[in-house]
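Go ahead and model the full structure; you've got the sequences and the hints to work with.
Below, each chain spelled out in residue letters.
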Amino acid sequence: MRILVKGAGVAGLAAAHELAVRGADVTVIEKSAAVGGGASWLAGGMLAPYCERESAEADVIHLGRGSARWWEETLPGLVAFNGTLVVAPPRDAAELRRFAARTEGHALLSAEEIEALERDFAGRFRSGLFFASEAHLDPRKALKRLHAKLEALGVHFLFGCTETLQTFDRIVDCTGFAAAEALPELRGVRGEMLYLETREVVLSRPVRLIHPRFPVYVVPRGGGRFMVGATMVESADSGPVTARSMMELLNAAYTVHPAFGEARILEAAAGVRPAFPDNLPKIETSGDTLFINGFHRHGFLLAPALARQAADLIILNEASNEAHRERASA
Amino acid sequence: MPLTVYGTELSSRLLLGTAQYPSPAILAEAVKASGAGVVTVSLRREGLDGGSGGGFWSLIRQLGVRVLPNTAGCHTVKEAVTTARMAREVFGTNWIKLEVIGHHDTLQPDVFGLVEAARILADDGFAVFPYTTEDLVVGERLIEAGCEVLMPWCAPIGSAKGPVNIDALRAYRAHFADTPLIVDAGLGRPSHAAAVMELGFDGVLLNTAVAKAGDPVMMAAAFAQAVEAGCGAFEAGPLEPRDMAVPSTPIIGKAVFS
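Chains A and B, in that order, give the protein sequences.
Residue numbering for the first sequence follows our numbering, starting at 1 and increasing by one per position.
Residue numbering for the second sequence follows our numbering, starting at 1001 and increasing by one per position.
Nothing false has been slipped in among the hints.
Partner residues aside, some chain A positions facing chain B, computed with beta carbon under 7 Å:
id: 1; residue: S55
id: 2; residue: A56
id: 3; residue: R187
id: 4; residue: E234
id: 5; residue: P277
id: 6; residue: D278
id: 7; residue: N279
Incomplete in silico selection of chain A near chain B, CB under 10 Å:
id: 8; residue: E57
id: 9; residue: A94
id: 10; residue: A101
id: 11; residue: R102
id: 12; residue: G188
id: 13; residue: V189
id: 14; residue: S235
id: 15; residue: A236
id: 16; residue: R244
id: 17; residue: A275
id: 18; residue: F276
id: 19; residue: H296
Calculated directly from the structure, the hints in this document are not laboratory data.
It should be emphasised that the depicted structure is a prediction, and the values quoted were computed from it without experimental measurement.
Yeah, the Cβ is synthetic: ideal placement off N, Cα and C, and Gly gets one too.
Laid out in structure tokens, this is it:
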């Protein structure tokens, strides 16, 4: 069975993987020159279904729970199983209680317990929440390694390309917000993020700071590099980071640790997340095309579950068609 | 009797903000459950691409309720006036909830800038809904500037404290007996909404208390009931508290069996 996957972001690569390992002949086309042209490149890479539940519907937990295991099985050694630490500045302590009430799978930590997890937080926060079962990965490494693995599995890649003349049995469209015309419910939610570099602070896990307007997090990427994200603006504008957003993200990083005040800003970028009205992804079928879209903030968290669902749909559908043909010819 | 502002009869005394919901789908359900006839929308943070289709705007329009754009996050008169004019273009309405924030931290209104911006906008044909404190003199200045409705806070934005200065709100109601008054900001629970409605306020506007609740849709319905209860209680004429007990059954005239 020949399948065309459009889009080499996390949704497209995960779908290509699930289809390829089940025996499909998969070709991936991507409009950028390499993997990482879209929103996935700017992702936080937190595999944190319990924390995400704070501002998302309950499905995020059951769709996201198996994600870390999928990534670990698919790309061994990539995932850091260190949990998530949630902290709040003293004036927002009440918000920490609200966060705790809205979520599950956490333990309330004292200042000493926080210090035991993150040495550099000694004396900084009086209480925090620890989500021990959560994990994180580096999205850029993940995309590159998944691309390499797929090539090894025999998946064909065509970069800098949005159409192909070859014929396929099915098309799996994972082009994110670029599919907005075909999916009228899809909207863009702008996100802005920074990469900082400092050797003065070391973190082992994503740290979320309770913030009144959007969830802010600092994710260690190793080698003194940290990703700080991400704003949420109801807009499909992908223009450069605004001064206000930069200020808010830097403020948040500085609140997490003052050493970030001396960090170098390596990168500041903005992207557009595709989202449906319930902010959860779904699969939509139209003729031979299957759309996997609407990942919102949850690309790396939810792409595996949706990729499996899509592969089930395609492979099972093919199997039942074959059975049908056999019956018809008998 | 329904509330009338700027010549428009509102279908509900509850006005709802549209920010910070878990998803637009939940926002839509919450608006429905609240029965709100008016929703406020922030143009400043959400408006980079104006009215382009498929986005948050079209979802708001599909709610089928009146939109009251706001100038949330504006710190100067100029910013607020520019935002109001952009909002008029995008939403095709001359209604504007005017916020001129004085402090980044406390989000207290800058009442001096507020009065100035209200005057400019009212002269420009806007129906201005000013977010203000409970200061009586500022309220008078806003009315002089052309405002036909006042929206005093009852506590800082997003604080969920409920009415922290009941006496001031009572005085505000008494002083502006003929002006529609909508309590804007600081409500945390339905009982807070009922309390200010019992004081005779004409409506309440809230956002965080519903959007950040565990179940926003259920909370929206709870606020709707509270607003209705408080409004009914005010119209029914509640008792004034007394220091001493009063028997609810009169003693005199009671039949005596001997």
